[in-house]
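For the protein sequence lines, the chains are P and B, in the order given. Heads up: the first sequence at position 65 corresponds to 65 in UniProt numbering, and the numbers run straight through without jumps. Heads up: the second sequence at position 333 corresponds to 333 in UniProt numbering, and the numbers run straight through without jumps.
Hints in this document: simulated from the structure, not taken from any laboratory. From a predicted model like this one, the values you see are computed outputs, not experimental measurements. We put the CB at the ideal spot given by N, CA and C, even for glycine. Some hints could be false.
[As the list claims (entries may be wrong)] Simulated DEER-style distance windows between Cβ atoms:
(1) P/A119 to B/G442: 27 to 35 Å
(2) P/R291 to B/R54: 50 to 58 Å
(3) B/A303 to P/T313: 35 to 43 Å
(4) P/P471 to B/D6: 32 to 40 Å
Below are the chains, spelled out letter by letter.
Protein chains: 2
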Amino acid sequence: MDTAVDALAELQAAIPVAGRVLRTTDLMAPYLRDEAFLCGHGTPLAVVRAHTTREVAAAVRVAAAHGLPVVPQGARSGLTGAANAVDGAIVISLTAMDRIIAVDAAERTAVVQPGVITATLRETAAQHGLVYPPDPGSWQISTIGGNVATNAGGMCCVKYGVTGEYVLGLEVVLADGEILRCGRRTAKGVAGYDLTSLFTGSEGTLGIITEITVRLRPPPGESRTVVASFASIAGAGNAVAAIIAAGMTPSLLELLDRNVLRAVENYRPMGLDTTAEALLLAAVDTGPDGRAAAAAIARLCRAAGAGEVHTATDAAEAEMLFGARRMAHQAMQQWAISMFPGGDGGVIVDDVAVPRGRLVELMTGIAAIATAQGVLVSQVGHAGDGNLHPNIVINRADPASVDAGRVAFDEIVRLSLALGGTCTGEHGIGMLKTGWLAHELGPVGVRLQWAVKHALDPAGILNPGKALAPPPGENGMTPRQRRAGP
Amino acid sequence: MDTAVDALAELQAAIPVAGRVLRTTDLMAPYLRDEAFLCGHGTPLAVVRAHTTREVAAAVRVAAAHGLPVVPQGARSGLTGAANAVDGAIVISLTAMDRIIAVDAAERTAVVQPGVITATLRETAAQHGLVYPPDPGSWQISTIGGNVATNAGGMCCVKYGVTGEYVLGLEVVLADGEILRCGRRTAKGVAGYDLTSLFTGSEGTLGIITEITVRLRPPPGESRTVVASFASIAGAGNAVAAIIAAGMTPSLLELLDRNVLRAVENYRPMGLDTTAEALLLAAVDTGPDGRAAAAAIARLCRAAGAGEVHTATDAAEAEMLFGARRMAHQAMQQWAISMFPGGDGGVIVDDVAVPRGRLVELMTGIAAIATAQGVLVSQVGHAGDGNLHPNIVINRADPASVDAGRVAFDEIVRLSLALGGTCTGEHGIGMLKTGWLAHELGPVGVRLQWAVKHALDPAGILNPGKALAPPPGENGMTPRQRRAGP
Chain P
1 MDTAVDALAE
11 LQAAIPVAGR
21 VLRTTDLMAP
31 YLRDEAFLCG
41 HGTPLAVVRA
51 HTTREVAAAV
61 RVAAAHGLPV
71 VPQGARSGLT
81 GAANAVDGAI
91 VISLTAMDRI
101 IAVDAAERTA
111 VVQPGVITAT
121 LRETAAQHGL
131 VYPPDPGSWQ
141 ISTIGGNVAT
151 NAGGMCCVKY
161 GVTGEYVLGL
171 EVVLADGEIL
181 RCGRRTAKGV
191 AGYDLTSLFT
201 GSEGTLGIIT
211 EITVRLRPPP
221 GESRTVVASF
231 ASIAGAGNAV
241 AAIIAAGMTP
251 SLLELLDRNV
261 LRAVENYRPM
271 GLDTTAEALL
281 LAAVDTGPDG
291 RAAAAAIARL
301 CRAAGAGEVH
311 TATDAAEAEM
321 LFGARRMAHQ
331 AMQQWAISMF
341 PGGDGGVIVD
351 DVAVPRGRLV
361 ELMTGIAAIA
371 TAQGVLVSQV
381 GHAGDGNLHP
391 NIVINRADPA
401 SVDAGRVAFD
411 EIVRLSLALG
421 GTCTGEHGIG
431 MLKTGWLAHE
441 LGPVGVRLQW
451 AVKHALDPAG
461 ILNPGKALAP
471 PPGENGMTPR
481 QRRAGP
Chain B
1 MDTAVDALAE
11 LQAAIPVAGR
21 VLRTTDLMAP
31 YLRDEAFLCG
41 HGTPLAVVRA
51 HTTREVAAAV
61 RVAAAHGLPV
71 VPQGARSGLT
81 GAANAVDGAI
91 VISLTAMDRI
101 IAVDAAERTA
111 VVQPGVITAT
121 LRETAAQHGL
131 VYPPDPGSWQ
141 ISTIGGNVAT
151 NAGGMCCVKY
161 GVTGEYVLGL
171 EVVLADGEIL
181 RCGRRTAKGV
191 AGYDLTSLFT
201 GSEGTLGIIT
211 EITVRLRPPP
221 GESRTVVASF
231 ASIAGAGNAV
241 AAIIAAGMTP
251 SLLELLDRNV
261 LRAVENYRPM
271 GLDTTAEALL
281 LAAVDTGPDG
291 RAAAAAIARL
301 CRAAGAGEVH
311 TATDAAEAEM
321 LFGARRMAHQ
331 AMQQWAISMF
341 PGGDGGVIVD
351 DVAVPRGRLV
361 ELMTGIAAIA
371 TAQGVLVSQV
381 GHAGDGNLHP
391 NIVINRADPA
401 SVDAGRVAFD
411 EIVRLSLALG
421 GTCTGEHGIG
431 MLKTGWLAHE
441 LGPVGVRLQW
451 AVKHALDPAG
461 ILNPGKALAP
471 PPGENGMTPR
481 QRRAGP
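Bound-form chain P, shown alone (with noise of 0.2 Å):
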């Protein structure tokens, strides 16, 4: 404790403004775990609200001289554990760095911090006639840093990429409280190895990310929704195919399964087809050629056996419609819990992502292991990636619910790497998903992921636990994997 007792003075005396570095049990509550539901978290030695690049550089240069874990932290919104607090840590949050540092129209760069939350990005490069278009679930709350160590999704990666095809350059802080910057401001550049890159996704555990310079686009103009019901999963699967085959490059092409629907309905009415067995819902950019290209979207998902086509008459339909898809997670959370009045209702959000063509395998593959293990799972996600967020729902006070539950998780990240799959598409690893990562990766890449874990954080500090698959010779399954594989 000697060491926890000398850390803490270090780390008051380093960041000395009140407020900053939280020690008390219930100002560090909040800070504890993101959104994840089967993960557990620790107890820190002391949070710090870094409001500098020069705090959090001070916060991890005490922990580096104590050997105490280091655990970064934005919105806390991500659904992985990645960044839950583990015992005796140091919690960096970030969440106060929240600057606008500069947009260059010209350049169609921003250069935020990392507290800055995703939609106020948004909404700035809008005022400057431009888009920045990553929207992952959360993107009303996350913030762009948890965004970029996530290597976040969204919504529109189907046409506009992940959050890491928007990272130009990095100030990163090191295990041992150096400050880096890597990448550019150019609009090309193959100057050094790509850290950018390598720190973009790596969920706090190479280094903490304190500025981040992005890349604009130029609005896409209007666009046009189409929406299209089907009796079965097979028809909404078969139609994107068709979609991708036809050489189509949508916006966005989302599914929603019977259960989301219900859920969605149930949540806020809004007259969606609670009979369908799926719903599609597309988006075409408009040039002048929007309207053919929706038409043929339609056309397509006639063909492929869709009931109800409907293109979507204005914009405020088209949100309303994307509405529906974004209220998803909270929908199937309500809907869990009033599902099991007296018990404890939630559900379990898994991330897997398989070569589009196997869409429809891994879908009714899905409901086949919910079948067998007896739980509900709904089915919702970026279908035009191949990249589906199955909705696990349990009783959390339900021992065997819960037991079941997690056996479909792990069946499901099964499935998705036999079809040629990932155990995550877009969440990441955190905590969750650590052995299938060793899984996925083989022991190869196991070692590699190592050794370049050590290279940056020798001491392992960098939120150990999360990201990486157990290190080469451990199982670091969960009992509940070792059980069930892999």
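Fit chain B to the known structure of chain P by using the hints.
Chain B only, in chain P's frame:
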């Protein structure tokens, strides 16, 4: 020498097929260097013409066992010496690994061996109704493996990005001969550190790429080409800024100065306006609004002071104009030869990028540098990306001319960095710019690059002396650089 003898015997034993292991001076001669002008090369121990990943791995294992350097090579069309042999090295040529393993039109992916010629991949993609956009200047002879190893750019980048944006996954032979597969086959995926991006652009210093999964795109449709001549470099630069500021995204935006125009016209007469100080070449993808976009570009060029502005009436005319741009390097080389009858004329091709808004400053600065050093420097490049390729004309038979050329080369890089740019937009570091890389990255950046290098190649056998800044503590600049800076 015992090591060398042993290593050779082991190499022959591991790869017993005739013609795979080349040892004699004459057989090895074609594999000694790339197209870079200022870079020397050493004498390799052997050249391995690998036909399989197993042969690559076998060669690397022999090298690792004996501590010999390994130099991987594609078509040797690079311009930085990255592929140049070093003394005692096992050079591994990948050009014979030239199979297109699979094209999956539904997933829009292709799996290829590294020796596939860029043009061949583009043609094969086209046969499947798709495009592989990256088009480095040498695309008709360069290999995909070399493109990935250098993260090559091209004319398409202003809209479609560089090679790295099309690399989904890799197979890589590591420094110990183990075989890694990294990346994914799905549209999205965030499992583990992004090793794929780390290997991309690492110039063979972290591993040898033996298979590549690339992303393909649906074709953009027809395009429309605008060509505008300017009486000043500044006018052309201002037109570029205006086009970008207007929120346009041309698919190509190239600049050729008067020297290049004269060299091209000299090389292959095509009626280019050699009285103009600069020619701007723009293309926009047409949908039905391409006509409007082309008209807008023409209008912006006129507003920026263009003399003649012409919109190509057909594809053949557009292709002729692109052809003029593509032959710039070759034409400049021919022109340089003709400029020193009885001498040994040649060009040093530089490659710098600045924020687009600084392009005029860069170009006028380069003109001033040329005047100050008494050398002829032509300017050509990807203006829409702020990426310029000054061609410095020298007489290799005249040490004073070479010296002046080198000073100009360094001064151009120095200016680019001073303008917030980078020392290489797309050609890479190779042997040519290791000193400048240190200048650009700074000490923390250099330290981190070496940490990664040591993690993946602890013995330092992979392409030594390339791509990295001199190790921390060493100077490593060329004598010229020591005199001139940085």
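Okay, the hints, checked on the actual structure:
no.	hint	result
1	P/A119 to B/G442: 27 to 35 Å	34 Å, holds
2	P/R291 to B/R54: 50 to 58 Å	54 Å, holds
3	B/A303 to P/T313: 35 to 43 Å	38 Å, holds
4	P/P471 to B/D6: 32 to 40 Å	35 Å, holds
Every hint, counting from the list given before, is met by this structure.
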